[in-house]
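Following the hints, position chain B against chain A.
Just so you know, the protein sequences line up as chains A and B, in that order. When you line the first sequence up against the numbering used here, it's residues 1 to 156, in that order. When you line the second sequence up against the numbering used here, it's residues 1001 to 1397, in that order.
If you're looking for bench data, these hints aren't it; they were derived computationally from the structure. Incorrect hints may appear among the rest.
[What the hints assert, rightly or not] Which residues of chain A face chain B? A few of them, derived with a C-beta cut under 8 Å, are: (1) Leu32; (2) Ser60; (3) His73; (4) Tyr143.
[Unchecked claim] SDA-like, lysine to any residue: derived pairs with alpha carbons at most 25 Å apart: (5) B:Lys1047 x A:Pro42; (6) B:Lys1336 x A:Pro42; (7) A:Lys137 x B:Trp1241; (8) B:Lys1289 x B:Leu1273; (9) B:Lys1023 x A:Ile131; (10) A:Lys120 x B:His1042; (11) B:Lys1052 x A:Met62; (12) B:Lys1047 x A:Ile131.
Note that the structure is predicted; figures quoted are calculated from it, not measured. The beta-carbon is built from N, C-alpha and C at its ideal position, and this holds for glycine as well.
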Amino acid sequence: MAAINYEILPEILRLNFNSDILRLMVLQRRRLVVQIRKEALPEIANFFLDELKYRFIIASGMVADSGYDILYHFSDDRQGWLISLKVNLDRKKPEVESLANLISAANWIEREIHELFGIKFINHPGLTKLISEGNWKDDEHPYAREERDNKKTVKK
Amino acid sequence: MSTRTVIPIGPYHPLQEEPELFKLYCEGEIVRDIEWETGYNHRGIEKINESKTFDQVFFVVERICGICSTSHPFAYANAMEELAQAKVPDRANYIRSIIGELERIHSHLLWVGLAGHFLGYNTVFMWAWKYREMVLDIFEKITGNRNNYAMFCIGGVRRDVPNVHISDIRKMLDKIKPKLDLLTGAVMDDPVIHARTKGVGILTKEDIIDYAAVGPTARASGIAIDVRRDDPYAAYPLVDWKVITSEGCDVFAKAEVRLLEMYESVSIIEQCLDKMSGTPEGDICNHVKNIPEGYSFGRAEAPRGEVFHFIKSDGSNSPVRHKVRAPSYVNIATFKKSCVGQTVADATIILAAVDPCYCCTERMAFAYDCFSGKQIMNGLDLIRISQQKTNDLKMKL
Chain A
1 MAAINYEILP
11 EILRLNFNSD
21 ILRLMVLQRR
31 RLVVQIRKEA
41 LPEIANFFLD
51 ELKYRFIIAS
61 GMVADSGYDI
71 LYHFSDDRQG
81 WLISLKVNLD
91 RKKPEVESLA
101 NLISAANWIE
111 REIHELFGIK
121 FINHPGLTKL
131 ISEGNWKDDE
141 HPYAREERDN
151 KKTVKK
Chain B
1001 MSTRTVIPIG
1011 PYHPLQEEPE
1021 LFKLYCEGEI
1031 VRDIEWETGY
1041 NHRGIEKINE
1051 SKTFDQVFFV
1061 VERICGICST
1071 SHPFAYANAM
1081 EELAQAKVPD
1091 RANYIRSIIG
1101 ELERIHSHLL
1111 WVGLAGHFLG
1121 YNTVFMWAWK
1131 YREMVLDIFE
1141 KITGNRNNYA
1151 MFCIGGVRRD
1161 VPNVHISDIR
1171 KMLDKIKPKL
1181 DLLTGAVMDD
1191 PVIHARTKGV
1201 GILTKEDIID
1211 YAAVGPTARA
1221 SGIAIDVRRD
1231 DPYAAYPLVD
1241 WKVITSEGCD
1251 VFAKAEVRLL
1261 EMYESVSIIE
1271 QCLDKMSGTP
1281 EGDICNHVKN
1291 IPEGYSFGRA
1301 EAPRGEVFHF
1311 IKSDGSNSPV
1321 RHKVRAPSYV
1331 NIATFKKSCV
1341 GQTVADATII
1351 LAAVDPCYCC
1361 TERMAFAYDC
1371 FSGKQIMNGL
1381 DLIRISQQKT
1391 NDLKMKL
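This is chain B alone, in the form it adopts within the complex:
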């Protein structure tokens, strides 16, 4: 039997909702098996929520994920409003969708930057993060925060986006569109990116169904699921947009889906702004007094896929049980299919392709020889060999 080397990736990652450790079992350059460990930073948020009131839960679930911080309050609000049968004012629905889509743009831009970095395209990394800044600035303007916007409450939103701010958002969208063209062109037309990502990390339709993967991971394998369309909420049924899918099944397809989704997000925001300007300012919340007893389910489409919240209420002012399912929980499990049989140099981009935010992980990764226990490679080396592979390809062209 040939020698297997273990390459651990992880475990600590301050930006991620789920810090994790991957052990890649390699024979030479080829990954033969992958194992997953987690719980390094288990915060017990589901348990914490049992001792919070329904209103306080918003601030806890907002902190589950640092990047898509609106997706969890979104799903939770959907669940609570169903249970309380609350009617959300139109203006609040438009504001919710605008926040959700702005967040999708900045999350996807962050991913494009990281993917570029892993492949050795640091220019893409710097561009993407520079343009993401414009979105964060607009967040600061309309919500007061660059992240964790604290906009949601049961029955509506906590702060209005006054009509005077609509032109600011429009200006930002006009500025960001040519930048998206630039990024899309850089990724779609580059032969080296094609060589590095096409046919790499394949996830077939059967794999996606078996692992119940969601979001861009599923849509890149030709499965057109999107909660915004399938189980409509907020202002999504009121505007015109389409679900982006690709039949590629590989890393390139995932990049393509994310890039094209940003255009859809821009279009959704523009339509919401149009319609929002016709609704009365200040009509943003129908307050809910009591939460009845019962089960409730809430879903929302986060940038990474479907967020699912389950709530059991006993008629008091706090949940008896609150279950949260983040999209990465099902998407990360697909690594068992996508990584095995690939090379170590490709492993970083495959792991990054489902967008579990790997920007700091590499600092913690070391490779040990199974037998001697001697460190032979660390996370920076992993990035280095991935970037080296791109350079080699460039030289050949």
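Bound conformation, chain A alone:
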């Protein structure tokens, strides 16, 4: 496959998924974060994997101002770009479609995010605990907490 022109990639994304792209941020050197509507995640992830031939790296869940953020990290190994898809989930009912049926590599990390943050992945083939079996109750999620006080300084 031909190399991707990153100058026009934002245009391509906007053309294909017009209203699903909420924000595009080019960070540092060869790093791109694309904030999308969570309903469009499987479609855009599929476009990344099938059309653009990106490699799935991992997903990072985190607590954000308005609920939870998940960043799905993809790598373009031909050009050294790192592209992350960002979805924002509601705090009261954090749910998003699973990518595990699309790519097996997403299976474990979705189980991990599920148990650490309590985020539900719809249509996941087996959303059981991955790392903390027997350590926490089913409704306790160790990483889910209120947003940290702004600019809290850790004592040295």
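Chain B alone, transformed into the frame defined by chain A:
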């Protein structure tokens, strides 16, 4: 339906970043399914880092893995320097690459030794670990530690490698090269090793892409990915080297890739030493005062594959979120493809082939009969049947 026996491998393994328990579901000799359990030693390092300052995080991430202890600080430093837009001095970049490559050599030697042990070649095990000792000695000389070198900081390295030590490193490299030839010859030319590892534990290109496997596991299936080349960092773009791949897809290909990679590492170190001697001594760190707000991503090629670090900073002196992805996290998941359909005798070498460090695991492994609950086999038996298979092959030749 035939009787299925469960053979658990694991769970405790003090050397490993991810202690785990594999349950092999076997029908007779054939593995039919595999299940994975973990969390036995979950340390919550990502959570711990939220209460550490950016400088302290180095010492925590260094302890994620005992064998490739530089790979995590490497990825973390790459992430932080991108965020702070810090320029690392040339000499620090060369030192970083030298440490990274020395570590690759000793990690691969450790793997070769273990693989030899699993196959019943204890001579290979003793040789490989003996030669690994030379690398650890050089680490002790230049960093003060045989492992957990504590060399990295944001903006450079913490200690210089003075020019007087360059000749020591060169001497060690000259000594280790013939030993690598010896090991490579022992593995490549042995008909029994060929019989035990060729066509065993096949991972096709599609499997690798589906499970997003990285490092030598992916390169042994013909997928040429290497962060050192694809997303260059430290001194790697400044020296001449190549990415080793093999089309074999089996255990033998993984061994071949690792053995040949050690030669590339030796060559990278030699070039770095040449270039490093021309840079001013002591110019090793540009200190960073403030870490701005934002996201940052860092990658490094560990001996086992790509290490990925994600950091969210809010402008204070500690990370708000720190996500770590070790290469074994994606590589271990491939067992579902590589083990199923193989024999129990081959399972140990297939599991070992992705290098999840299995040297102590066997002590904890027991096989129980599903129905009676009676113990019928333990980890040492597993090693024994693997070694027995090699012996049988030797007798036939």
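Practice item. Taking the numbered hints from earlier one at a time, note which ones the structure violates and give those numbers from smallest to largest. Key: 1, 5, 7 and 8
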